[in-house]
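> Okay, here's what each chain looks like letter by letter:
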Amino acid sequence: MSDDPLLSVRDLTKHYTTSRGGLFSRKTARVRAVDGVSFDIYPGEALGLVGESGCGKSTTASSILRLTEPTAGEVIFNGGGREGAARNDDGTHPNDVTQFDRAELKTFRRDAQLIFQDPTSSFDPRMSVGASIAELPLVHGMTDADRRRAIVGDLLERVGLSAADYDRYPHEFSGGEKQRLALARALVLNPNLLVADEPVSALDVSIQADILALIDDLRTEFGLSVLFISHDISVVRELCDRTAVMYLGEIVEIGPTEAVFENPQHPYTEALLSAVPTPDPRSRGDHIELTGSVPSPSNPPSGCRFHTRCHRVIQPEGMDMEQPVWRRLLDFRERVVAGEIDPEAVRERLRARSGTSVAAGGEIDRGAASDGKSPGADADATAGTDTDDAARVRAAYDLPATVPDPEVERAVADAVAALLSGDGDRAAEGLAEAVTTPCAGIDPELTDHGAGHRAACLRHRPEFDGFDTGPV
Amino acid sequence: MTDEPLLAVEGLRTTFETDSGELVAVDGIDFTVERGETVCLVGESGSGKTVAVESLTGLLDQPPGRIEGSVRLHGEDLTDLSARALRRHRGASIAYVFQNPQDALNHCYTVGWQLVEAIRVHEDVTKAAARARAINLLDTVGIPEPASRIDEYPHQFSGGEKQRVMIAMALVTRPDLLVADEPTTALDVTIQAGILRLLDDLKAEYGMGVLFVTHDLATVSQIADRVVVLYAGTVMERGTVLDVFERPSHPYTRELLACLPGHESGLDGGARGGIAGSLPDPTDLPNGCRFAPRCAYAEAACSAGDQPAEVDLADGHTVSCIHYEPGDGPSVLPAPADSAAEAGESGTPPTGDTG
Chain A
24 MSDDPLLSVR
34 DLTKHYTTSR
44 GGLFSRKTAR
54 VRAVDGVSFD
64 IYPGEALGLV
74 GESGCGKSTT
84 ASSILRLTEP
94 TAGEVIFNGG
104 GREGAARNDD
114 GTHPNDVTQF
124 DRAELKTFRR
134 DAQLIFQDPT
144 SSFDPRMSVG
154 ASIAELPLVH
164 GMTDADRRRA
174 IVGDLLERVG
184 LSAADYDRYP
194 HEFSGGEKQR
204 LALARALVLN
214 PNLLVADEPV
224 SALDVSIQAD
234 ILALIDDLRT
244 EFGLSVLFIS
254 HDISVVRELC
264 DRTAVMYLGE
274 IVEIGPTEAV
284 FENPQHPYTE
294 ALLSAVPTPD
304 PRSRGDHIEL
314 TGSVPSPSNP
324 PSGCRFHTRC
334 HRVIQPEGMD
344 MEQPVWRRLL
354 DFRERVVAGE
364 IDPEAVRERL
374 RARSGTSVAA
384 GGEIDRGAAS
394 DGKSPGADAD
404 ATAGTDTDDA
414 ARVRAAYDLP
424 ATVPDPEVER
434 AVADAVAALL
444 SGDGDRAAEG
454 LAEAVTTPCA
464 GIDPELTDHG
474 AGHRAACLRH
484 RPEFDGFDTG
494 PV
Chain B
848 MTDEPLLAVE
858 GLRTTFETDS
868 GELVAVDGID
878 FTVERGETVC
888 LVGESGSGKT
898 VAVESLTGLL
908 DQPPGRIEGS
918 VRLHGEDLTD
928 LSARALRRHR
938 GASIAYVFQN
948 PQDALNHCYT
958 VGWQLVEAIR
968 VHEDVTKAAA
978 RARAINLLDT
988 VGIPEPASRI
998 DEYPHQFSGG
1008 EKQRVMIAMA
1018 LVTRPDLLVA
1028 DEPTTALDVT
1038 IQAGILRLLD
1048 DLKAEYGMGV
1058 LFVTHDLATV
1068 SQIADRVVVL
1078 YAGTVMERGT
1088 VLDVFERPSH
1098 PYTRELLACL
1108 PGHESGLDGG
1118 ARGGIAGSLP
1128 DPTDLPNGCR
1138 FAPRCAYAEA
1148 ACSAGDQPAE
1158 VDLADGHTVS
1168 CIHYEPGDGP
1178 SVLPAPADSA
1188 AEAGESGTPP
1198 TGDTG
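Chains as they are written, first to last, in this note's numbering: chain A, 24 to 495; chain B, 848 to 1202.
In case anyone wonders, no lab produced these hints; they're calculated from the structure. Hints may contain errors.
Restraint-style ranges between C-beta atoms, simulated for each label pair [said to hold, decoys possible]: (1) R882/B / A474/A: 51 to 57 Å; (2) E999/B / R149/A: 42 to 48 Å; (3) L933/B / A52/A: 49 to 55 Å.
We put the CB at the ideal spot given by N, CA and C, even for glycine.
Based on the provided sequences and hints, a complete structural model is requested.
Printed below as a string of structure tokens:
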């Protein structure tokens, strides 16, 4: 590996503007699909980019290749004979892809190639596959048809097909074979960089293994650098030298694959790893469960973007609660403050809960359904006392009957009472003040954990407890 | 409760009339599902898993489809029933959850409207009572703020939440058997873990049997009690999840496990690679073992006659392979030579290596 990275991405940002409100509304919202992503890929290296759907993996790839125009940031590509260029006096870089003109972009796209998830939709069904692949050298100026045919035939053999397949049509190939064709097409211009966007996600596991092995072989044979995008951690683990974990448009952890997966330094990586089913029936259960769903990138959470789902979210100074209780308290606060809890709906839910024993037998204790047919005296929740209702609200949100911290307990009791009396705003005010976490206020920076392993979690700051890698 | 299992399928054979002849999608499979048990049907695309579960309640157009064999639920044979009687069972005693929740929900109606409709089709209750139950069901499947979310439209739910709504809808009738056909394939792993846990919890709560169809062996290992491995419409191997994952015996099961990233079956030392070749043409199935053309252990005898009868290796662990005698352990098959696994096609029978 040489000293200079082949691809150097700095603060890459892609914001989409979407209209909000009605069809003719002028209000706009910014969707921060990619928000300040930086990484390097060295020659011959494979970098994995993992994360849930919607975290901005694919947008990152298409912004690098300028298939979508990035909003800001630099993408410096040192391949294709551009090595060793120095920065201009005004601070711009001659190899910055985001500043390339049409001609430069065309040569850049010869040196950087892309393969997609669905090979079926990326081949023209009315063109023989050979012609599809040979179109690339033609566009880039190779006018000798015989030579094109020879090159394509040779490449087809290198991806495990035969030169005679040149004249066949896409429908004659299976899914795995089509992905081999896509690889042949990506390699026909002898690129330096291959961007593979979920290349094996649509394939059966028996074929997946084949294609991964092929990508790995070709990488060595052609000295390719690979940016490998996948939601499947086990696949990335198999193929990539280094891995970057993305969450809501940001890289939260990056480092050598083994270090990231063996010794994760960000709670999101931990949770992601724990969610991947291991093919071992003896290691069931004990998953870290992420609560809630991925927040909208148009309005990302303040501070650390993961704090709304994090199982290691920090408690304020002086608080010493069991972590799961703290997590549920924060969830409750989040919902109240966001106005998601409609007091009227809370009461309807309580009625539904206590009413089921009358209406149709409990959903939960099905065994008792047969003897639950006589209407109970306290069937109607609204008829119960306030304390009963308060206890039911707490039960519905998995909150303990009393919170160990007296100040927080008072705030929670007030908020529940406010909700029951129909005053959502008062509940939100009280809770927002009493239940806070440093994670919501401070944007964590990437900290170093040796050998290029970096993670962005507040717990790594000296003033907090530190990142416990033991069981949660 | 009688000795009858909840669901007993015997000799299920589903064929389709096509222009290129009779297509055999499912070829005489047997399996049972007990109450409170998860049975996984696992196989590659095209192995007949989905057709098999759709055949249970005749969810196929007939013709061109043709279903033979017997499907007994609580001892009652569903294949004998009239279309009307069968309809009573669909949704009521057997409920389905499919892969794409967005295709199964009507995006023109609120989630609550659709749940209430489902409840009132099956039960004679007032709208208010049905709504209360719908809220409870959403609560049960883990939708936050069920009483407000019930008035939202499907597009306001995320993919995982939509699948939870589909599960809620399947629970409306408190089914005895829940058939889940690739319910988590379209979801992120973090969401998938939650749905798998939900299914497992509900199985215990409702005492249902769960028939889980998937191509993903890692998922199988996390949720199954028993596993049935399908290949080209026939059962290759079956057993408890521990039997199949720790003592895989059929060459196909072994190769499938060896394909998994990070799986060390401990039996084959060979490097990870795919299975050479592809599934046989379902309109022209090979003689003998269906897997023989791709099998590293295939001998001349493998390609003669019918699919070998299932051999009982241990309690309920069976394998359909001529290399096994009753009671044999998985060590009967030696580790395949690397070249044999590569060669794959039937043209090079590696008998010399295995003998």
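> Against the range 51 to 57 Å, how does the distance between the Cβ atoms of R882/B and A474/A compare: consistent or not?
holds, 53 Å
> Using the beta carbons of L933/B and A52/A, state whether their distance is inside 49 to 55 Å or not.
For A52/A against L933/B, whose Cβ atoms are near 50 Å apart, the range 49 to 55 Å holds.
> With respect to the beta-carbon atoms only, verify the hint that E999/B and R149/A lie 42 to 48 Å apart.
Holds, since E999/B and R149/A (Cβ atoms, about 44 Å apart) stay within the stated range.
Consistency with the previously given hints is maintained throughout, with no hint failing.
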